[in-house]
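**Q** Below, each chain spelled out in residue letters.
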Amino acid sequence: MSDTTTAPELAAPRAPRNRRSTRTNYELYGWLFMRASGVLLLVLIFGHLYMNLMVGDGINAIDFAFVGGKWSSPLWQTWDLLMLWLAMIHGTNGVRTIINDYAERSGTRVVLKSALYLAFTITVVLGTLVIFTFDPCPVGADPELLASICFP
Amino acid sequence: MTAVLENSAAPDATPEVGAVPSFDVTLRIRRFNPEASEAAAYWEEFTVTAYGTDRVLDAMHKIKWEVDGSLTFRRSCAHGICGSDAMRINGRNRLACKALLKDLDPSKPITIEPIKGLPVVKDLVVDMEPFFASYREIMPFLITSGNAPSAERLQSAEQRERYDDTTKCILCAACTSACPVFWNDGQYFGPAAIVNAHRFIFDSRDEGAEQRLEILNDKEGVWRCRTVFNCTEACPRGIEVTKAIQEVKRAMITRAF
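In the order they appear, the protein sequences are chains A and B. The opening position of the first sequence corresponds to residue 27 in this note's numbering, with each subsequent residue numbered one higher. The opening position of the second sequence corresponds to residue 588 in this note's numbering, with each subsequent residue numbered one higher.
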């Protein structure tokens with residue numbers, strides 16, 4: 027029986043770990059995407075606000091029929107889809123870097139990022155589904171629940 | 588300066604013409620003794636008489652030599668070149684040998700802490716190893732191919748000018764330990780390593796730019812820079828650190844496309 031004991035090898039505090047294994051262009055593309063999507067989002071969001079709030083009757087024109095009408099046009103479907111995806115990826119990537127900067131323990135980081143990606147997935151999937159499958163007057167629905175535009 | 592003159596004038600004595608005015612200054616120093624029974628950091632105040640021409644380092648010398656010999660800090664050349672005595676003075680990273688006491692409002696206590704983000708060894712001495720590990724990783728030496736020329740490797744004045752700013756680095760760690768991204772988990776390469784990579788990446792005689800850019804393209808490399816500008820403000824050599832980091836980013840993007 028050996029009675030020599032050795033202390034466990036401890037890594038020096040704050041020693042660099044696990045580099046070289048991560049050298050891809052992932053962060054480079056992420057950084058570029060933030061700049062490009064930022065510029066594009068400026069156009070998309072202010073175009074959206076202008077169309078909804080300034081043109082015609084302005085804010086008073088917004089109702090169920092207004093949104094239903096917009097989503098029957100492929101232009102606005104694409105516009106809103108682009109806005110949804112770019113804003114969600116841009117925002118999620120931004121929060122991801124904030125988590126990387128502020129969460130000190132890797133456990134906290136994993137939990138926060140998992141919650142973030144879950145929220146991202148739910149929002150994007152739900153939003154995309156609505157934009158493509160939206161039908162203001164579904165066939166066979168209870169007439170009591172339908173909007174007035176469905177009865178020409 | 589009025590307060591300074593009042594302090595220096597002893598009763599019944601007119602100050603000597605041309606004498607350097609003296610004043611009392613209080614240094615509030617963050618101390619840590621790893622050998623104490625309860626190793627915990629604490630503040631300690633020392634009041635010493637200093638002169639208008641004194642730097643923070645002179646006041647610290649006075650404490651170490653005349654008041655408390657256990658006060659521990661690094662310094663070597665004491666003239667702003669060796670980069671040993673970077674510390675956090677009144678909340679900003681500076682070299683103790685370059686900061687004049689009179690510029691720091693000596694009427695109030697001057698706080699002195701070790702630089703942040705590196706493990707404290709004793710008092711103001713920190714373990715610089717993580718900092719130098721990042722420095723070594725960017726390969727801070729000339730990389731060339733082929734046979735060495737029999738004469739100098741020639742370079743035009745313009746080619747030299749391209750990376751002149753980043754040759755001024757003295758590796759004091761004032762920039763890296765001022766960076767909030769480095770404070771988090773210490774995995775970020777840090778401004779100093781990127782500045783020294785910049786010095787070789789933009790050197791016309793060097794052929795290792797590709798490898799250095801590849802190293803700094805890491806997820807802990809230049810892309811973690813948030814352009815906070817703390818490094819530029821902290822640099823005692825006046826290097827435009829954030830600008831150098833941005834130039835490395837740009838070189839990476841032009842390389843990728």
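Because the hints were derived from the structure by calculation, they are not lab data. Glycine included, C-beta positions come from ideal geometry on N, C-alpha and C. Take the hints with a grain of salt, since some may be wrong.
FRET-style restraints, in silico, Cβ to Cβ [to be verified]: (1) B:Gln742 with A:Leu101: 17 to 23 Å; (2) B:Pro621 with A:Phe72: 57 to 63 Å; (3) B:Asn734 with A:Glu130: 47 to 53 Å; (4) B:Pro706 with A:Val136: 21 to 27 Å; (5) A:Pro39 with B:Asp655: 26 to 32 Å; (6) A:Arg135 with B:Phe719: 24 to 30 Å; (7) A:Met77 with B:Arg842: 21 to 27 Å.
**Q** If a hint holds in the structure, say so; if it doesn't, say that too.
**A** Consistency of the hints with the structure:
Between Gln742 (chain B) and Leu101 (chain A) the beta carbon distance is about 57 Å. The supplied range of 17 to 23 Å is therefore violated. Between Pro621 (chain B) and Phe72 (chain A) the CB atoms are about 58 Å apart, so this pair conforms to the stated range of 57 to 63 Å. Asn734 (chain B) and Glu130 (chain A) have their C-beta atoms about 50 Å apart, which keeps the hinted 47 to 53 Å range intact. For the hinted restraint 21 to 27 Å between Pro706 (chain B) and Val136 (chain A), the CB-CB distance of approximately 25 Å keeps it satisfied.
Judged by the Cβ atoms, the range 26 to 32 Å given for Pro39 (chain A) and Asp655 (chain B) holds: they are separated by roughly 27 Å. Checked against the given bound of 24 to 30 Å, the beta carbons of Arg135 (chain A) and Phe719 (chain B), roughly 26 Å apart, stay inside it. Distance hint check: the CB atoms of Met77 (chain A) and Arg842 (chain B) are about 41 Å apart, inconsistent with the given range 21 to 27 Å.
Of the numbered hints given earlier, the model fails hints 1, 7; all others are met.
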